[in-house]
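A.B. asks: Chain by chain, the residues run as shown.
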Amino acid sequence: DAGVTQSPTHLIKTRGQQVTLRCSPKSGHDTVSWYQQALGQGPQFIFQYYEEEERQRGNFPDRFSGHQFPNYSSELNVNALLLGDSALYLCASSLDGNQPQHFGDGTRLSIL
Amino acid sequence: QKEVEQDPGPLSVPEGAIVSLNCTYSNSAFQYFMWYRQYSRKGPELLMYTYSSGNKEDGRFTAQVDKSSKYISLFIRDSQPSDSATYLCAMRRVDTDKLIFGTGTRLQVFP
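Which chain is which? The protein sequence lines are A and R, in order. Note that my numbering has the first sequence beginning at 1, numbered continuously upward. Note that my numbering has the second sequence beginning at 1, numbered continuously upward.
Just so you know, the hints here were simulated from the structure itself, not pulled from any lab data. It is possible that part of the hints are untrue.
[As the list claims (entries may be wrong)] Straight-line distance between alpha carbons at most 25 Å, and here's what the computed BS3-like set of lysine-lysine pairs gives:
#, chain 1, residue 1, chain 2, residue 2
1, A, K26, R, K98
2, R, K2, R, K67
3, R, K67, R, K98
4, A, K13, R, K42
Construct the complete structure from the given sequences, taking the supplied hints into account.
C.D. replies: In structure tokens form, the structure reads like this:
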């Protein structure tokens, strides 16, 4: 039973560029949430997708956007990258959101 | 003031010790409480998931929730070096899936 998988594992970008991160949920899960984890901090909620729609959003600017596909996989897009966007980006999946969220190992994004 | 407060540690204990990890919170609307374990360069792994107040036990782990004091705890019995990791508490309201995390406590168990 495959867990949550994320790609790529590590990415290096420069300021002003755009990036796309990918997530495949755990088998049987239909809801995907994205979190940003800065070094030494707990994860911060970015947004959640369910039935291909953004259902909830945290306190992040609209440079952060996402998408969910019919197979429940999801993408996180970040435009106009800033140095402060350097972090571990985590994807979590659950069944209809009202169940425990299970996390992938994340994508480590470094901005130069 | 943060909604969830957690001592960052590090907490260093000898193998076999009982470990107590704690979080306090300010939002009385939180109803679901979780503990995650995060190894270096890995994602958070769900350890315990509880609803409302009370205790829950799973092997060497016991989670306690005291909603009247807005205080949650995770106890680890017979701690092992493999328990060395960062432990994150998380919680949410019943009307949202958004998890609010503490900063995490780094635990080191030495042989």
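A.B. asks: Decide, hint by hint, whether the structure agrees.
C.D. replies: We went through each hint and held it up to the structure:
Distance check on the hinted pair: K26 (chain A) and K98 (chain R) sit about 18 Å apart at the alpha-carbon level, within 25 Å; holds. Taking the CA atoms of K2 (chain R) and K67 (chain R), the gap is about 17 Å. The hint holds against a cut of 25 Å. Of the pairs offered as hints, the one joining K67 (chain R) and K98 (chain R) holds, with about 19 Å between alpha carbons and a cut-off of 25 Å not exceeded. At roughly 21 Å between alpha-carbon atoms, K13 (chain A) and K42 (chain R) fall within 25 Å of each other, so this suggested pair holds.
Consistency with the previously given hints is maintained throughout, with no hint failing.
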